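Asks: The sequence shown begins at 1 in the UniProt record's numbering and counts up one residue at a time.
Calculated from the structure, these hints are not laboratory results.
It should be emphasised that the depicted structure is a prediction, and the values quoted were computed from it without experimental measurement.
Just so you know, even glycine gets a beta-carbon here, dropped at the ideal spot from N, CA and C.
Any given hint could be a false lead.
[What the hints assert, rightly or not] Below 25 Å or equal to it, Euclidean Cα-Cα: the simulated BS3-like pairs (lysine-lysine) are:
id	residue 1	residue 2
1	K156	K146
2	K146	K162
3	K41	K51
4	K93	K103
[Unchecked claim] Simulated DEER-style distance windows between Cβ atoms:
id	residue 1	residue 2	range
5	D127	G86	25 to 33 Å
6	I131	K94	45 to 53 Å
7	N160	R107	38 to 46 Å
8	D186	C126	48 to 56 Å
9	G129	L181	15 to 23 Å
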Amino acid sequence: MCWAAKTKYGRLSVVVFILVSLGCSGAFLFDDNCGGEPYDKETEICCNGVKHPMDPNSECCAGSMIDTRASTCHLGVIVTHDNEVGCDGVYYKKEEQLCCDGKLTERDRNIECCNGELMDTRASYCDWGMIISNRDENGCDNIYYKRDEQVCCHNKLYPNTKYTECCAGQIMDTRAAVCLLGMVVDTRNGNQCFLLLQSG
C-alpha cells in the first residue's frame, strides 16, 4: 500500500511520499513539479503547471498542449498544419515558399512545380505532368499563348472557341461570316459563296 503526506512550511510546499510495502515500485513514483501537485509521469503530462492525461497525439509546446495531428512543435514554436505543409520533413509556409521534389524555393508568381521540376510559367506550362515550352506555341506580339485556349489576331489575343477565326487581321465568328480571299464575308443575309474543288 502506498500513501502520501503533504506538509506546508510557509511558502514552500513539501510533499513527502512514504512507500509502505514492497508493492510500491518505480512505476508508482510521483513528482511534485506540476503546479505543486503530484502526478504520474507514466500516465500524465505536466504542461505549464497543469496535469493532462497522457495521449499519443498530445504534446506540450511552449506551455500549451497541442494535438500533434494538427500542429508541430518546432524549437518551442507551435506550427499549425493548416497554413503549413511538409516538404521532405521540413514545415514551411505555402504563401512564402514552394516545395518541388522535396526542395524548398522562394515563392515567385512565375514559378511552378511540374512533376518534380521547377518551371517558369512565362516560358512553359505544365500539361499532364509534362513541361511544354510556350516557344512551341505561336507568339502574339511577343506574348506566348496556348493555341487551344486563345487565338491571335492582328497581335491581339482572343478566347478560342470552335467558332472563332482570324481573317486578314479581323476576328470573326464562323457562324456569321466566312473568310474569302482574305476578306470577311457576312453570311447572315444569305451572301454565302462556296468554292467546290473536285478532283478528276
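Asks: Would you mind marking each hint as holding or not holding in the structure?
Replies: Going down the list of hints, with the structure as the test:
For the hint linking K156 to K146, the alpha-carbon distance of about 13 Å falls within 25 Å, and the restraint holds. A hinted pair counts as satisfied when its Cα atoms are at most 25 Å apart, and K146 with K162 qualifies at roughly 15 Å. At most 25 Å may separate the alpha-carbon atoms for a hinted pair to count; K41 and K51 meet this at roughly 10 Å. As the CA atoms of K93 and K103 are separated by approximately 13 Å, the hinted pair is consistent with the 25 Å bound.
For the pair D127 and G86, the supplied restraint of 25 to 33 Å holds, since their beta-carbon distance comes to about 27 Å. At roughly 22 Å, the beta-carbon separation of I131 and K94 lies outside the given 45 to 53 Å, and the hint is violated. The hinted window of 38 to 46 Å between N160 and R107 is violated, with their beta carbons roughly 30 Å apart. Checking the proposed 48 to 56 Å range against D186 and C126 shows it is violated: the Cβ atoms sit about 41 Å from each other.
Between G129 and L181 the Cβ separation comes to about 44 Å, which falls outside the hinted range of 15 to 23 Å.
In the structure shown, a violation is registered for the earlier hints numbered 6, 7, 8, 9, in ascending order.
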